[in-house]
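Q: Here is how the chains run, residue by residue.
2 protein chains.
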Amino acid sequence: MSPVDVKPKHPAMERQDPAVLPAREDEFGGVTVEMKKQDRALSPEAFSRLLRNSMLLWKRQGKNGVWIRFSRGLENLHEVAAREGFENHHAQPDYLMMAFWIPKTTPCTLPGSATHRVTIGAIVLNDRTKEVLVVQEKKGKFRGVWKIPTGTVNEGENTHVAAVREVKEETGIDTEFLKILSVKELHNALFSWSELTFICALRPTSFDIQVEESEIDAAEWMPMEKFEAQPFATKDEVCRHVVEICRVQLGGVSTGFTPRGVMSVLENKSCVLYHNAQDLKD
Amino acid sequence: MSPVDVKPKHPAMERQDPAVLPAREDEFGGVTVEMKKQDRALSPEAFSRLLRNSMLLWKRQGKNGVWIRFSRGLENLHEVAAREGFENHHAQPDYLMMAFWIPKTTPCTLPGSATHRVTIGAIVLNDRTKEVLVVQEKKGKFRGVWKIPTGTVNEGENTHVAAVREVKEETGIDTEFLKILSVKELHNALFSWSELTFICALRPTSFDIQVEESEIDAAEWMPMEKFEAQPFATKDEVCRHVVEICRVQLGGVSTGFTPRGVMSVLENKSCVLYHNAQDLKD
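These protein sequence lines are chains A and B, in that order.
Reminder that position 171 of the first sequence reads as 171 in full-length UniProt numbering, one-by-one numbering, no gaps.
Reminder that position 59 of the second sequence reads as 59 in full-length UniProt numbering, one-by-one numbering, no gaps.
Accuracy of the hints is not assured; some may be wrong.
Same chains, same label: a pair holds when it works inside one copy or across any pair of copies.
Claimed, not checked - Straight-line alpha carbon distances no greater than 30 angstroms define the calculated DSS-like cross-link-like pairs of lysine-lysine that follow: (1) K138 to K269; (2) K226 to K138; (3) K269 to K59; (4) K139 to K269.
Hints in this document: simulated from the structure, not taken from any laboratory.
Could you build the full structure based on these sequences and the hints that come with them?
A: Structure, rendered in structure tokens:
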């Protein structure tokens with residue numbers, strides 16, 4: 001919003017005494033205010049007055065959730081909203097979203113913030129030599145052990161795409177995505193978030209390793225026997241599980257979910273479904 | 001930190017001129033500062049001086065990532081950190097985490113924020129009557145259609161637990177978790193987050209429906225024929241997929257992932273693995 005422009009742009013507001021923040025209504029009975037960089041001219045005092053007037057109006061209108069999105073550069077207004085009872089909802093580098101639930105008698109139904117990070121573990125097997133593609137990381141808890149390539153699925157990225165990308169980035173190996181073999185669910189992984197790891201099978205289409213040297217110490221095609229003989233592969237149940245599903249995958253009988261792009265008319269978006277395709281064939 | 005206490009508590013700091021913020025080091029070469037409620041006495045000016053001195057020290061020490069966690073009530077300091085170049089990393093109702101990457105020549109390797117929300121869709125079938133448990137929601141895009149119960153997996157909650165909980169909350173039906181049949185991946189679902197939906201099969205152990213009236217309009221055991229005859233079940237590819245996997249599940253041949261609790265020694269945490277258990281039996 002641009003406070004100087006409020007009256008000329010919104011003639012309806014002139015009838016309102018006093019001035020309020022322009023807000024967008026949503027289908028759930030809530031309102032959203034966008035405080036943008038150009039609102040930097042607004043003093044905390046002026047914002048405080050506008051916010052108080054707006055809250056009175058929204059309460060009268062029976063609104064429930066109030067969202068305020070503060071662009072970067074408006075940190076001086078965070079305190080004003082917090083003083084009015086707003087709480088942080090989520091943040092990105094370029095904004096902070098704060099929220100307030102008006103109804104005193106109805107429990108808050110505002111959706112929560114993102115709760116999970118998603119990662120992949122890539123099982124890349126050379127069928128002919130019975131070798132598995134493994135890496136050693138430079139830092140972190142896996143330092144010094146040979147492990148399958150792992151990595152984070154980016155915001156907006158499909159998991160099957162992330163698996164192929166991470167293998168290529170870490171080892172230079174080109175692969176074709178085959179299937180999700182397993183899902184690992186871990187809580188309190190980083191900050192208070194949960195982490196889902198999709199353990200996927202990929203078929204290599206190139207074999208010459210190029211190590212990504214900033215994060216990876218070494219990468220190699222390792223015989224299954226050597227991989228599973230590592231002490232940590234017997235001690236750690238997750239690693240033992242990875243060894244087991246490598247074996248099953250090499251045996252050619254593994255069951256997994258393959259991706260299929262579909263259109264959701266209700267969401268008006270395309271999405272990916274991972275499913276055992278054989279089940280749907282009959 | 002408590003600025004008044006800094007010197008007496010940290011005698012090492014007296015040798016440092018000028019005073020700096022107390023910080024915890026991490027294994028990745030970074031430092032974290034916790035600004036707590038009791039630091040409310042610190043003026044923005046004093047915090048600004050401490051932060052500038054600290055940044056000079058951390059740069060000399062070769063630190064890379066700097067994290068500052070501002071507890072609720074310290075919103076007046078957000079602006080100071082932003083002016084020094086700090087960006088929002090993530091927020092929870094009770095704090096804002098800001099971060100700064102010092103190295104100018106090394107790309108930032110700070111982990112990103114949570115990117116995903118996780119939901120479940122629950123396929124609850126009565127094998128005997130070939131009926132599926134369906135609900136109609138009061139609000140949102142699914143209003144007016146009969147759909148399987150869905151809901152959000154809470155932070156720290158296991159997906160298989162969430163599926164049982166959501167069915168019970170929405171319909172009063174007790175269930176036993178069977179398996180994950182399918183995973184749906186959707187982007188830009190809410191704000192900029194991605195959404196993973198685990199479509200799960202559950203076996204009902206009770207049959208009397210009790211509708212949760214604040215969010216659900218109606219719930220019933222619906223014959224499969226009626227469920228799949230809904231216009232939207234043929235138009236929407238995701239809904240058609242749900243109908244298909246209901247059919248496969250009723251046929252008794254569906255493939256899915258069952259949960260198993262395991263201990264990760266490396267993470268020093270228990271976690272859940274979802275996998276086709278039959279594959280691992282031989």
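Q: For each hint given before, does the structure comply? Return the numbers of the non-compliant ones in rising order.
A: 3
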